[in-house]
Amino acid sequence: MSLNPTTALDSTTATDLDAVRKAISSTARPPTASPLSSALTFGWRGMLKVKHVPEQLLDVTITPVMFVLMFTYLFGGAIAGSTGEYLDYILPGILVMSVLFTTVYSGVALNTDLTKGVVDRFRSLPIWRPSPLLGSLLGDTVRYLIAGTVIIVLGVALGYRPGAGVVGAVAALGLVVIFSFGLSWVFTTLGLLLRSPSAVMNAGFMGIFPLTFLSNVFVDPATLPGPLEAFVDVNPISILADASRGLMEGNVDGSDVAIVLAVAAALTAVFAPMTTRLYRKG
Amino acid sequence: MTSHSNLAIEANGLVKTFGDTRAVDGVDLAVRRGSVYGVLGPNGAGKTTTIRMLATLIRPDSGSAQVLGHDIVAEADAVRAKVSLTGQLASVDEDLTGRENLILLGRLLGLKRGAAKERASELLEAFGLAESGGKLVKNYSGGMRRRLDIAASIVVTPELMFLDEPTTGLDPRSRNQVWEIIRALVAEGTTILLCTQYLEEADQLAEGIAVIDRGKVIAEGTPSQLKASVGSGALHVRLLDPQQRPQAEQLLDRELGGVTLDADPAALSAAGADPDRAAIAVAELSRAGVRIGDFSLGQPSLDEVFLALTGHAAEAAPTDDDANALPTQREIRTDKEQAS
Numbered sequence: 001m002s003l004n005p006t007t008a009l010d011s012t013t014a015t016d017l018d019a020v021r022k023a024i025s026s027t028a029r030p031p032t033a034s035p036l037s038s039a040l041t042f043g044w045r046g047m048l049k050v051k052h053v054p055e056q057l058l059d060v061t062i063t064p065v066m067f068v069l070m071f072t073y074l075f076g077g078a079i080a081g082s083t084g085e086y087l088d089y090i091l092p093g094i095l096v097m098s099v100l101f102t103t104v105y106s107g108v109a110l111n112t113d114l115t116k117g118v119v120d121r122f123r124s125l126p127i128w129r130p131s132p133l134l135g136s137l138l139g140d141t142v143r144y145l146i147a148g149t150v151i152i153v154l155g156v157a158l159g160y161r162p163g164a165g166v167v168g169a170v171a172a173l174g175l176v177v178i179f180s181f182g183l184s185w186v187f188t189t190l191g192l193l194l195r196s197p198s199a200v201m202n203a204g205f206m207g208i209f210p211l212t213f214l215s216n217v218f219v220d221p222a223t224l225p226g227p228l229e230a231f232v233d234v235n236p237i238s239i240l241a242d243a244s245r246g247l248m249e250g251n252v253d254g255s256d257v258a259i260v261l262a263v264a265a266a267l268t269a270v271f272a273p274m275t276t277r278l279y280r281k282g
Numbered sequence: 283m284t285s286h287s288n289l290a291i292e293a294n295g296l297v298k299t300f301g302d303t304r305a306v307d308g309v310d311l312a313v314r315r316g317s318v319y320g321v322l323g324p325n326g327a328g329k330t331t332t333i334r335m336l337a338t339l340i341r342p343d344s345g346s347a348q349v350l351g352h353d354i355v356a357e358a359d360a361v362r363a364k365v366s367l368t369g370q371l372a373s374v375d376e377d378l379t380g381r382e383n384l385i386l387l388g389r390l391l392g393l394k395r396g397a398a399k400e401r402a403s404e405l406l407e408a409f410g411l412a413e414s415g416g417k418l419v420k421n422y423s424g425g426m427r428r429r430l431d432i433a434a435s436i437v438v439t440p441e442l443m444f445l446d447e448p449t450t451g452l453d454p455r456s457r458n459q460v461w462e463i464i465r466a467l468v469a470e471g472t473t474i475l476l477c478t479q480y481l482e483e484a485d486q487l488a489e490g491i492a493v494i495d496r497g498k499v500i501a502e503g504t505p506s507q508l509k510a511s512v513g514s515g516a517l518h519v520r521l522l523d524p525q526q527r528p529q530a531e532q533l534l535d536r537e538l539g540g541v542t543l544d545a546d547p548a549a550l551s552a553a554g555a556d557p558d559r560a561a562i563a564v565a566e567l568s569r570a571g572v573r574i575g576d577f578s579l580g581q582p583s584l585d586e587v588f589l590a591l592t593g594h595a596a597e598a599a600p601t602d603d604d605a606n607a608l609p610t611q612r613e614i615r616t617d618k619e620q621a622s
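Protein chains in written order, with this note's numbering: chain A, 1 to 282; chain B, 283 to 622.
Heads up, a few of these hints could be off.
[Stated by the list, open to error] Within a straight-line C-alpha distance of at most 30 angstroms, the following computed DSS-like cross-link-like pairs (lysine-lysine) qualify: (1) B:Lys364 to B:Lys509; (2) B:Lys394 to A:Lys51; (3) B:Lys394 to A:Lys49; (4) A:Lys51 to A:Lys116; (5) A:Lys49 to B:Lys509; (6) A:Lys22 to B:Lys364; (7) A:Lys281 to A:Lys49; (8) A:Lys281 to A:Lys116; (9) B:Lys364 to A:Lys116; (10) B:Lys420 to A:Lys49; (11) A:Lys116 to B:Lys498; (12) B:Lys498 to A:Lys22; (13) A:Lys281 to B:Lys509; (14) B:Lys420 to A:Lys22; (15) B:Lys498 to A:Lys281; (16) B:Lys394 to B:Lys364; (17) B:Lys417 to A:Lys49; (18) B:Lys417 to B:Lys399; (19) A:Lys51 to B:Lys417; (20) A:Lys22 to B:Lys417; (21) A:Lys49 to B:Lys399; (22) B:Lys417 to A:Lys116; (23) A:Lys49 to A:Lys116; (24) A:Lys49 to B:Lys498; (25) B:Lys399 to A:Lys51; (26) B:Lys364 to B:Lys399; (27) B:Lys509 to A:Lys22; (28) A:Lys51 to B:Lys498; (29) A:Lys281 to B:Lys364; (30) A:Lys116 to B:Lys509; (31) B:Lys364 to B:Lys420; (32) A:Lys281 to B:Lys420.
None of these hints come from the bench; they were simulated from the model.
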C-alpha cells in the first residue's frame, strides 16, 4: 500500500476532543436576543471593524479636509470676495456634503459583506430581521459623527466661529447625522441591488455628487439661472444646508428642520423595509 | 407530521430554479434524528442550494420540507432557532478576531455579555484556537478557519447542523480534526446534514448517503450499499522497469481484468479489484519477475460512483486544492484522466 500521510498524523490533533464534547453539551439555549440587543451587537461589530481596519477612517477624514482647504482657499476669493467670508458660508455646507458622501460607503460596505459567507450565518440566526442592517448603520453613524467633527474642528482652526457656539455646532451635526441615517438606507438598497462594491460606489456618487453640487452648499442660489434656482431651492440638500447654517448661527428656521426630519423619516420608511426584504432574499 | 417525529429532516419534491437552471429538481430526503446524513455530489449538483433551502435562506419554488418538525417556509423562525449553518465559504467574519466572532454570535443568540465571553474562551480552548483567539480571522489557516466556523455553529448547541463541504481545501491533518469534531458532535446527539464531494468523507462519517446529480437524488443508501453498487476500487501498480509493462498488463488482465495503461510509462491500473484478488495479483507479478516500485488499492472515487450510477463522469472537476486535500482520490483521478 502507498504511504498515506493522514494516518501518521492522526494522534497529533490540536483539538482536545474531551473538551470539545464538554463544550458541545454545556450550553442551554438562552431566550432569543431582543431586537434592540441584536441591533446593538451588530453596531458593536461595526465598531470592531473600525478598530481593526482604521484605514477605513481615512476616507471619512482626509477627503473632507481636502474639500475645506480647496474650496476655502481656491474658490473663496472668487466666489465670496474673501476666504474668511466664504468659510462662514461654506463650512456648514461642507459639513453636509462630507457626511452625505460618507453614506455611500454604507452601501459599499453592505455589498462587500454580501460576498462573504458570514452573511449566510447571520441570515440563518433566529434574530430580528432588520437588526444586521440597522446595527451596521448605527455603527456607520459613528463614522458620520467623526467626519462631521473633523470638519467643524478644522473650520474653527481656520477661523470659523459659529454664532450659536458649541451648542449650535452640535445641533447642526446632529441634524446632518439624522438626515444621513435616512439617506444611507437608499445606498444600502442600492448595495443589495448592484453586483459589485465598485458599481455601488459609482452609482452612489453619480447620484449624490450632482445633488450636492446642485444645492446651495457652495453658491448662493440667487446667482443661478431661473429653472436651476427653482430646483436648488427644493433640493432637500439645500434645505439641510440652510438648516445647518441656521443652527450654527442661531437663527434657524424651524420649518427647515421639520422638512429635513420629515425627509429622513420618509427615506427610512420607504428604503429600510426595501433593504430588509432584499437582504432577507439574499 | 407527528408520525415522523424520529426524522430531523423530511423533504418532499424540493425544487429551486435559477433562471433556466433547475438547480434542485425534486429532491426528497429523510434524515433520522441523531444521525449524520451525507449528501454526495460534484460541484453544481445542487447540494448547496438544497442546504440553503433547508436552512431557510432561500424559499423552494415548489415542494415542502419539515426540519425538526417545523415547515421551512411557514415556520422559518422556529427552524432557525434550532439549527446552525456552516456554509461552504467559511461563515465567519474575516475582519474580526476569532474570539470576537464567537462573542458576537453568543450575544446574537441571547447570551449575556459575561456568558458570551466565557463561552468564547471555552470554545477557543476546546478547538485548539486559544492562542490565536486574538488574531484576525483573515490571518487564519484553512483548518483554523474551519474549526472556528464549527465552533461558531455550536456557541449554542443546535439540534441540527448543516455542514457544507467542511473539509474541501483542507490538508489531511486538518481534515481529520474536522472529522473528529463531527464525530464528537454526533456522539452528543446533534443531527448533521453533511454535503461533500468525497465518497471517503461520507463513508467515514455518514449513516446514510444520498447521491445527487443535476438537482436529483440518483441513489440512496448506506455507504456500504453504495460502494457495493460501485464495485471495489482500482489497483495501481508502478513498475521499476517500464519495459516490463506489457508483461504486467497481460498478467493483471488475466488475474483481475479491466487493465488500463497510465500516461506514466511504468504505471498501470486494474479497475474493480477486491483486496484479496488484488493481493494475489501482486504476488503473481512478483513471482513472474516483474519488479514493482509501489502499488496501492484505492477506494472508489466519486468519479467511479458517478460512472457506475449514471454512466457519465462527475461533471465539475474538483480544483487542484481539493485534489491535494485527498491524495488517494487524486491518484485515482489522475490515473483515470491519463487513461482516458
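Now for the hints, and whether the structure bears them out:
Proximity of B:Lys364 to B:Lys509 is assessed by CA-CA distance (about 33 angstroms); at most 30 angstroms being required, the pair is judged violated. Our distance criterion of 30 angstroms between C-alpha atoms is met by B:Lys394 and A:Lys51, whose separation comes to about 23 angstroms. A hinted pair counts as satisfied when its Cα atoms are at most 30 angstroms apart, and B:Lys394 with A:Lys49 qualifies at roughly 22 angstroms. With a CA separation close to 20 angstroms, the supplied pair A:Lys51 and A:Lys116 stays within the 30 angstroms bound.
For the hint linking A:Lys49 to B:Lys509, the alpha-carbon distance of about 48 angstroms lies beyond 30 angstroms, and the restraint is violated. Only pairs whose Cα atoms come within 30 angstroms are accepted, and A:Lys22 paired with B:Lys364 is accepted, the gap being roughly 19 angstroms. Distance restraint check for A:Lys281 and A:Lys49: the Cα-Cα separation of roughly 25 angstroms lies within the 30 angstroms cut-off, and the hinted pair is therefore satisfied. For a cut-off of 30 angstroms, the pair hint linking A:Lys281 to A:Lys116 stands: about 15 angstroms separates their Cα positions.
Our distance criterion of 30 angstroms between C-alpha atoms is met by B:Lys364 and A:Lys116, whose separation comes to about 23 angstroms. A C-alpha spacing of about 13 angstroms is found between B:Lys420 and A:Lys49, which places the hinted pair at or below 30 angstroms, so the restraint holds. As the CA atoms of A:Lys116 and B:Lys498 are separated by approximately 28 angstroms, the hinted pair is consistent with the 30 angstroms bound. Restraint check for B:Lys498 and A:Lys22: the C-alpha separation of about 38 angstroms exceeds 30 angstroms, so the hint is violated.
Under the criterion of a C-alpha separation no larger than 30 angstroms, the hint pairing A:Lys281 with B:Lys509 is inconsistent with the structure, at around 39 angstroms. Restraint check: the Cα-Cα separation between B:Lys420 and A:Lys22 comes to about 28 angstroms, which is no more than 30 angstroms; the hinted pair holds. For the suggested pair B:Lys498 and A:Lys281, the alpha carbons sit about 24 angstroms apart, so the restraint of at most 30 angstroms is met. Of the pairs offered as hints, the one joining B:Lys394 and B:Lys364 holds, with about 19 angstroms between alpha carbons and a cut-off of 30 angstroms not exceeded.
As the CA atoms of B:Lys417 and A:Lys49 are separated by approximately 13 angstroms, the hinted pair is consistent with the 30 angstroms bound. Between B:Lys417 and B:Lys399 the alpha-carbon distance is near 16 angstroms, which keeps this suggested pair within the 30 angstroms criterion. Proposed proximity of A:Lys51 and B:Lys417 is supported: the alpha carbons are some 13 angstroms apart, at most 30 angstroms. Under the criterion of a C-alpha separation no larger than 30 angstroms, the hint pairing A:Lys22 with B:Lys417 is consistent with the structure, at around 25 angstroms.
With a CA separation close to 18 angstroms, the supplied pair A:Lys49 and B:Lys399 stays within the 30 angstroms bound. The straight-line distance between the Cα atoms of B:Lys417 and A:Lys116 is roughly 19 angstroms, inside the 30 angstroms bound, and the hint therefore holds. About 15 angstroms separates the Cα atoms of A:Lys49 and A:Lys116, which keeps this hinted pair within 30 angstroms; it holds. Between A:Lys49 and B:Lys498 the CA atoms are separated by roughly 42 angstroms; this puts the pair beyond 30 angstroms, and the hint is violated.
Restraint check: the Cα-Cα separation between B:Lys399 and A:Lys51 comes to about 19 angstroms, which is no more than 30 angstroms; the hinted pair holds. Of the pairs offered as hints, the one joining B:Lys364 and B:Lys399 holds, with about 22 angstroms between alpha carbons and a cut-off of 30 angstroms not exceeded. Our distance criterion of 30 angstroms between C-alpha atoms is broken by B:Lys509 and A:Lys22, whose separation comes to about 35 angstroms. Simply put, A:Lys51 and B:Lys498 have alpha-carbon atoms about 47 angstroms apart, too far for the 30 angstroms limit, and the pair is violated.
For the hint pairing A:Lys281 with B:Lys364, the CA-to-CA distance comes to about 20 angstroms; that is within 30 angstroms, so the pair holds. This hinted pair does not check out: A:Lys116 and B:Lys509 have alpha carbons roughly 36 angstroms apart, beyond 30 angstroms. Among the hinted pairs, B:Lys364 with B:Lys420 is consistent with the structure: their alpha-carbon atoms are about 29 angstroms apart, no more than 30 angstroms. Distance restraint check for A:Lys281 and B:Lys420: the Cα-Cα separation of roughly 27 angstroms lies within the 30 angstroms cut-off, and the hinted pair is therefore satisfied.
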